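Chains as they are written, first to last, in numbering that gives the first Met the number 0: chain A, 0 to 323; chain B, 0 to 439; chain C, 0 to 285.
It is worth saying that the hints were derived from the structure and are not from the lab. Hints are supplied without guarantee of correctness; some may be wrong.
[Stated by the list, open to error] Taking lysine-lysine pairs in the BS3-like style, the calculated list, with each CA pair at most 25 Å apart, reads:
#1 B/K303 <-> B/K196
#2 C/K228 <-> B/K69
#3 B/K342 <-> B/K69
#4 B/K332 <-> C/K228
#5 B/K281 <-> B/K303
#6 B/K231 <-> B/K435
The structure displayed is predicted, hence computed values, not measured ones.
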Amino acid sequence: MTAVSTRSERAVSPSGPAPGIQPRRRLRDSLTHPRGTGIVLVLPAVIFVTVFVLVPLVVAVYISLTDFPLIGSYRFIGLTNYISALTDPAFGHALLYTLIYTAIVTLPILVLGYVLAVLVRRRRRGSTLLRTLLFIPYVVGLTTLSFFLVLEAQPGSGAVNIVLRALGITDGQTAWLVSGPLATGLICTLVVWAVSGLTMVLLMSGMQGIPSDVYESAAMDGATWWQAERRITIPMLRRTIILSLIISVIGSFLAFNQFFILTAGGPGTATTTAVLHIYNKAFVQLQLGAASAESILLIIVTGLITAVQFWLLRERDSGKGALR
Amino acid sequence: MEISRRRLLGLAGAGAAATIAGVLSGCSSTLPEPNVAAADFGSRARGTVTVWTRSATQTGMQGIVDRFHKAQSDIRIQLTPVLDAQYVTKLATAIRGGEVPDLVDMDDINSSLFIYRDTFTELTDLVNDLPYRDKLSPGHLALASLGDRVFGVPFLADNSLLWLNTELFDKAGVDPDEATQSIESLREALPRLTSAKDGIYAWSFPGNGQGALGFTFLPHIWAQKADVFHGKIGSQTGYVTENEPLRQTLEFFRDMWTQKCAPPSCFSDAATHWGSDFLAGKIAIFPGNYAAVVSAAPKSMLPKLKPVVIPGPGGGRCFFDGGDNLCMPRGAKNPSAAWEFAKFTLEIAQQQSMPTGGYTPIRSDANTASFQKQYPLDTTPLQNLDLGYAPQSLAYNVAINQADGPFLAMFRRAVFDGDVDGALETAQTGFDRLLKEVQA
Amino acid sequence: MTAITVSGRRESGTKIALYSAGFVLSVIVFMVPLLFALFRAFQPAAVIQNPPSTSTFFHLGWMNFAHLGSQAHLGESIVNSAIVAVATAVLTALLATLAGYGFAKFRFRISNWLFGLIVVTMMVPFQAILTPLYLQLNSMHLTNSLLGLVLFYTTVNLPFGVFVMRNAFESVPAELEDSGFVDGAGTTRMLVSVLRPLILPGVATTALYAFLASWTEFLGALTFLTNAKLYTLPLALVNVQQGAYGQVDFGLLAAGAVVAMIPCIVLYAALQRFYVAGLASGAVKG
Chain A
0 MTAVSTRSER AVSPSGPAPG IQPRRRLRDS LTHPRGTGIV LVLPAVIFVT
50 VFVLVPLVVA VYISLTDFPL IGSYRFIGLT NYISALTDPA FGHALLYTLI
100 YTAIVTLPIL VLGYVLAVLV RRRRRGSTLL RTLLFIPYVV GLTTLSFFLV
150 LEAQPGSGAV NIVLRALGIT DGQTAWLVSG PLATGLICTL VVWAVSGLTM
200 VLLMSGMQGI PSDVYESAAM DGATWWQAER RITIPMLRRT IILSLIISVI
250 GSFLAFNQFF ILTAGGPGTA TTTAVLHIYN KAFVQLQLGA ASAESILLII
300 VTGLITAVQF WLLRERDSGK GALR
Chain B
0 MEISRRRLLG LAGAGAAATI AGVLSGCSST LPEPNVAAAD FGSRARGTVT
50 VWTRSATQTG MQGIVDRFHK AQSDIRIQLT PVLDAQYVTK LATAIRGGEV
100 PDLVDMDDIN SSLFIYRDTF TELTDLVNDL PYRDKLSPGH LALASLGDRV
150 FGVPFLADNS LLWLNTELFD KAGVDPDEAT QSIESLREAL PRLTSAKDGI
200 YAWSFPGNGQ GALGFTFLPH IWAQKADVFH GKIGSQTGYV TENEPLRQTL
250 EFFRDMWTQK CAPPSCFSDA ATHWGSDFLA GKIAIFPGNY AAVVSAAPKS
300 MLPKLKPVVI PGPGGGRCFF DGGDNLCMPR GAKNPSAAWE FAKFTLEIAQ
350 QQSMPTGGYT PIRSDANTAS FQKQYPLDTT PLQNLDLGYA PQSLAYNVAI
400 NQADGPFLAM FRRAVFDGDV DGALETAQTG FDRLLKEVQA
Chain C
0 MTAITVSGRR ESGTKIALYS AGFVLSVIVF MVPLLFALFR AFQPAAVIQN
50 PPSTSTFFHL GWMNFAHLGS QAHLGESIVN SAIVAVATAV LTALLATLAG
100 YGFAKFRFRI SNWLFGLIVV TMMVPFQAIL TPLYLQLNSM HLTNSLLGLV
150 LFYTTVNLPF GVFVMRNAFE SVPAELEDSG FVDGAGTTRM LVSVLRPLIL
200 PGVATTALYA FLASWTEFLG ALTFLTNAKL YTLPLALVNV QQGAYGQVDF
250 GLLAAGAVVA MIPCIVLYAA LQRFYVAGLA SGAVKG
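So that you can see chain A by itself, here it is in the shape it has in the complex:
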């Protein structure tokens, strides 16, 4: 892939490094891709991210060390907010709920996405159309879908209840959004339904990158479809699966919009996710110091979970499932 001629090469001092001194690798500036241009190209994006994300983040860290009440004066109180956050049952409850919610939706999203990817990956009649249609819920977005669901979850008049009543499962009066478990179940269903399209597309692209002769030789060895999937497709999709999982988990962990619109975290705090809890603390209780501390903690936890995912799914040398 990389051509030879115009790429810059590491310049090595002809006489070799002086003893005891670490040689500084000097990059000879490329004629065609000068460093300066490179920096100028990336600078706008870097500036945006720095000014609008990193700086506020630093300010947030600072605020987290105060009792900033939005109205009135504030004092520096060190780590008090962090200690209260770690001992606050409401925050712990929100984190727990978020973890449970993430645990519930992650696997179904992956599995459903996988099944759909299998459905659309081959060039059959209508597969492109199918792929387009299945992705539309994701394109519409969870926010708009939540507005629809508000209407359809109403007892008596909402489509969810009408269908269940027609099937004879319930009496059609279930108030989904007023019960913690019911609302959670409904929201999880919505999320799996909407997000599986994304997983489908990611996995499908990965699947289409696997050369067909691999399957041909497997078929000639008498492998069944399921064996081929298990031993060829899944291992070769490893990176894509990891990517899907990470995107899905981070998204679930930071879930906010659908909960805000559908239940506002209620009844009580039964469906309050971590971010919703932080939002309430900052914008309703006006306790920005505490909310900032909780946000920082949340960022740390998200980072940890992502790191754990990477570790759990890391490449293992023992070639289980690798090709012979």
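Dock chains B and C against chain A, hints included.
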């Protein structure tokens, strides 16, 4: 061009420090207070006045602004409607950021929060000089004051009352005045007013709509002067477990629920269509406000309506003195013109136009004979202005008006789960914790 | 697109049957709810909030949409949303393309470090930085303005865009660039003429993703916009949904949500040729 990693970090650190300093320092100092004692303050003012209004009351406000513009041409009002749920935060951030409107039309229950933190202009002398000062709603004024110092004026009233369907009372043979004397008399009357086979219920309440619920439930206990917020603003505790009127009122609702005197929809009713069952003629007693009942009533319903002030356990009466106050933030750029506009809104003519928006005037002398003829159903609060009350607390918004607040949880647990003791205990902890946090 | 079909062999009957069944089932499961939502918007509000009856299918009409238009703020909000979403899409695509090119093809010492910095911000929930950001934007006079909103949305969508564009550029063979250099192309011409066909999927992906994200975003809009004239559509819909003491017009909500939905679908259908390829290249080679 080489940028070493170290240098980049150094630059970043310096930049961050500078920004933090800039962002935070520019917004921690208190804004200057306008000089309201100036000689011609509030007269012959000119220019633009920026006014924030609640999106729920913007139509009413817009009407008044239009009239103001017609009445004179020196002052122009620039109206910005703000979402109710975001009002407090937006105002607080604006104050923090140093860019405040000249006048804010805000939910009166929230004005104390800002007054307590010294962010509004003191208007005591100006208000006391008003010729109709003693006719103004004491409930609203209390919320706009700190002790004797006044920081705002009442603007409009949104009161909660019991609305009776006299036709259903006649059918059931119940005397409306007797039945609504107290919680006890209501308790007796409810089963008689319920007729399940006709789909008629005695009462309807929004069991999942904390704002509307607080609005209509709390006056029961205030009728006995037993507010859940105990003490002076800034140093309050919750008065829950020992609150006998509260316990009795919760038990009243619990019995109402178990005896099926209220429709099953109350369980999940979030007041999204508040009053629709009452206006459909299915409910005998509906705690609500003028807007939900009269403004939305079909013509045939109007003659059957009778409002009464909400009774408490053992008697007493009270109504929620809701509505809006007009306040002037410190740092207002055109305070004199703002005050002139504020006075305009208080004039009888403007106040008498309140019912068209679904509200009630805030001065008792607006209750003239012609007003009574035009809006017969909006006179009750004006005739009983002293019975109005709204709590002055820093924690009302978080404790009562939030879906995850202790008030709604307490109500639901006591009424739907039947565990009154547990509900009261948990609520006591909840209220105390919130008060402690917000008063820190 | 490499098909995995075993060459030369026709598919077995069972496989075709399974595919057809899967096709029909998944179309029903994924499309019917949306079609129903569309249908809902044509029902009068009174019908929506009541259990189904004889009148469910009658009185259908455009009244909810007309109502949307006549409510000044809702009509305006659609325009505001459009302006913000398009501007964000364009700005994000532009900045991401430049940065992607820089990261992929140019070597400078802090390149990886800066790239990591940009990507790591994807993990920062913007709700965490909302208030400090408000205070900061306020001091820059960017609150209560659509421009401030656009800048914010662009920033939020940059990490993903840079990620995708960098991958897109990395797949560009050096020969293509070399021939461009030989022809004397400077950076701009390189990007616009020489490399364009190869990077277009990535650009389309970035732009579409940014459009979708900002078209449906409401919390940032809620925080940074005070003047109701500037409200975006999702914000106006949240307003409708929450109401005063909660008098909610369900018809309005349904129509508003449909208006929020349609442009996403249309834009996606138009660009999906690029979008899927772009997503693929971003994900698979990432």
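Here is what the structure says about each hint:
| no. | hint | result |
| --- | --- | --- |
| 1 | B/K303 <-> B/K196 | holds, 22 Å |
| 2 | C/K228 <-> B/K69 | holds, 23 Å |
| 3 | B/K342 <-> B/K69 | holds, 16 Å |
| 4 | B/K332 <-> C/K228 | holds, 22 Å |
| 5 | B/K281 <-> B/K303 | holds, 13 Å |
| 6 | B/K231 <-> B/K435 | holds, 13 Å |
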